[in-house]
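On the provided structure of chain U, position chain R as indicated by the hints.
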Amino acid sequence: VSIETEVRALRSSAGFSRTSHVAVVCVEGVHALDFLQAASTQSPYVREGRVRPTLLLRDDGSVLADAFVVRAGDRFVVFAEGPEEDELVLWFESLRNRVTTRQVEIRGMKADWVAFGVDGPYAFEVVASLVGPSVLGMPYLTLLPRAEIICLRAGKTGEFGYLLLVPRRAAEDVEAKLLDRGAAFDLARVSLAALDVCALESWHFSMRILRPTALASPLTPIELQLQSRVVHKRNVDGAPMGFVGAEALQARRAEGAQVRVTCFTAEGPVAAGQSIALGGLTVGEVLAACASPTLGQTVGAALIDRRFAHPHLSLSAVVPSGTLPVRTRTASLVDNLSLYLQPHTDTYANRRTGADAP
Amino acid sequence: MSDITDEIALYLERRERALCQVRHLLATIIGFDGDEADIDPDTGLFANGLGFDSLDAVEILIGLESDLGVKLPGDDFRQLGVRNVNGVVDAVMRVRGELP
Numbered sequence: 001v002s003i004e005t006e007v008r009a010l011r012s013s014a015g016f017s018r019t020s021h022v023a024v025v026c027v028e029g030v031h032a033l034d035f036l037q038a039a040s041t042q043s044p045y046v047r048e049g050r051v052r053p054t055l056l057l058r059d060d061g062s063v064l065a066d067a068f069v070v071r072a073g074d075r076f077v078v079f080a081e082g083p084e085e086d087e088l089v090l091w092f093e094s095l096r097n098r099v100t101t102r103q104v105e106i107r108g109m110k111a112d113w114v115a116f117g118v119d120g121p122y123a124f125e126v127v128a129s130l131v132g133p134s135v136l137g138m139p140y141l142t143l144l145p146r147a148e149i150i151c152l153r154a155g156k157t158g159e160f161g162y163l164l165l166v167p168r169r170a171a172e173d174v175e176a177k178l179l180d181r182g183a184a185f186d187l188a189r190v191s192l193a194a195l196d197v198c199a200l201e202s203w204h205f206s207m208r209i210l211r212p213t214a215l216a217s218p219l220t221p222i223e224l225q226l227q228s229r230v231v232h233k234r235n236v237d238g239a240p241m242g243f244v245g246a247e248a249l250q251a252r253r254a255e256g257a258q259v260r261v262t263c264f265t266a267e268g269p270v271a272a273g274q275s276i277a278l279g280g281l282t283v284g285e286v287l288a289a290c291a292s293p294t295l296g297q298t299v300g301a302a303l304i305d306r307r308f309a310h311p312h313l314s315l316s317a318v319v320p321s322g323t324l325p326v327r328t329r330t331a332s333l334v335d336n337l338s339l340y341l342q343p344h345t346d347t348y349a350n351r352r353t354g355a356d357a358p
Numbered sequence: 359m360s361d362i363t364d365e366i367a368l369y370l371e372r373r374e375r376a377l378c379q380v381r382h383l384l385a386t387i388i389g390f391d392g393d394e395a396d397i398d399p400d401t402g403l404f405a406n407g408l409g410f411d412s413l414d415a416v417e418i419l420i421g422l423e424s425d426l427g428v429k430l431p432g433d434d435f436r437q438l439g440v441r442n443v444n445g446v447v448d449a450v451m452r453v454r455g456e457l458p
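Chains U and R, in that order, give the protein sequences. The numbering used here puts the first residue of the first sequence at 1, with every later residue one more than the last. The numbering used here puts the first residue of the second sequence at 359, with every later residue one more than the last.
None of these hints come from the bench; they were simulated from the model. C-beta: ideal position from N, C-alpha, C; glycine also. There are no misleading hints in this set.
Between beta-carbon pairs, the in silico distance windows are:
(1) R:Ile387 <-> U:Leu90: 40 to 50 Å
(2) R:Asp433 <-> U:Lys233: 31 to 41 Å
(3) R:Glu365 <-> U:Gly132: 51 to 61 Å
(4) U:Arg146 <-> R:Gly409: 21 to 31 Å
(5) R:Ile388 <-> U:Gly296: 29 to 39 Å
(6) U:Met207 <-> R:Ile362: 25 to 35 Å
(7) U:His344 <-> R:Asp364: 52 to 62 Å
(8) R:Leu413 <-> U:Arg50: 15 to 25 Å
(9) R:Lys429 <-> U:Arg169: 53 to 63 Å
(10) U:Ser191 <-> R:Glu365: 35 to 45 Å
(11) U:Ser134 <-> R:Glu394: 37 to 47 Å
Over 12 Å on every C-beta distance to chain U, these chain R residues come out as not near it, computed from the model:
(12) Leu383
(13) Gly421
(14) Pro431
(15) Gly432
(16) Val453
Under 7 Å between C-beta atoms, here's a sample of chain R residues computed to sit facing chain U:
(17) Arg373
(18) Asp398
(19) Ala405
(20) Arg436
(21) Gly445
(22) Asp448
Chain U with its partners taken away, still in its complex shape (with noise of 0.2 Å):
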């Protein structure tokens, strides 16, 4: 199947995915909420049943992972994507030595559950094929605990999208029954590649996105926009609470970032590390871009000088045959079908084609 074919089945159906990348790690104990605020961007304080997407960082502000966590009772379960679950256990492990002695448990949790994803505009569907009707509800960053099953909403590709959490033993089984029950709806198996496509179209975050460069080093969430997920003034107990990477992250805001991600298309083909121009001057560096088949071109992230990282101006790739012309973009680049879904009201059976799509 090529990624084409997948990308489609993500932007008219469905897409099944085994999400291997995501390492799946268990922090429980008394002082679990207090031992996640000094490890997170974003407060992990919430209400039981919401899914809290954070940032974690090195040090130098870099970051390690993309997170969301989650409160299931008196533990918190971390969703990461960036490293894997061994050396996120061992980084939480080396915080905790840090910061606290106090009782906290980490475990990862991949031994014995299996992340799958359902993205899609009809992943509600075939979701509640497995899980119930209670899917249909949900929100953005919930989540819905089952006895066999925990459900995330928390997709990236701009659609519908649900983690859901399988114990191992009934892996086999809970992929079968989807693959089988998500045939009415046209439900195909898809590639990280091509939920990276869809995560780059819709301008969602990505890890892998992520590469060294020379005109920020190190990248943190200042230049990828990412600050909304970035809380400098929390207390706790009354007192001020930092995290890893704030003090970089501080010491980067004061001295101003040079450069910021923004998002572009091309006409041709761009690789990663190909310096972007505007006439003779070079305003930036390629991050990702791919051939976009929802869009039928390139799409791309940039690190573009911040003096012009702004959409709606012609620039150029420097590519090896000389030069391509680019142009920076607003974001999101594609009109969700998912935005004009009612997972109450509308199914993929009465969906409508052709004209009629909305």
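Leaving out everything else, chain R in the frame of chain U:
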């Protein structure tokens, strides 16, 4: 900077001005107590971005008209293609005839 035409320089100046105005309006509506410059231009208005809801969206429309003198050609952000801060800036600049 000789590669920057007057036209581009003017656009960038107007863009920065509109961005600053929009950031201030949005910060006021959500009661943002940080540095307004920390509101990234691609930050989403809803959900895991600035966390606006549909009532806030109405406040944005009212604020654009009362504070910036900009009346958008509609009241549905989805139909206007406005999903993030830059989308609001685009809408403002479009009404002002400042988009290239």
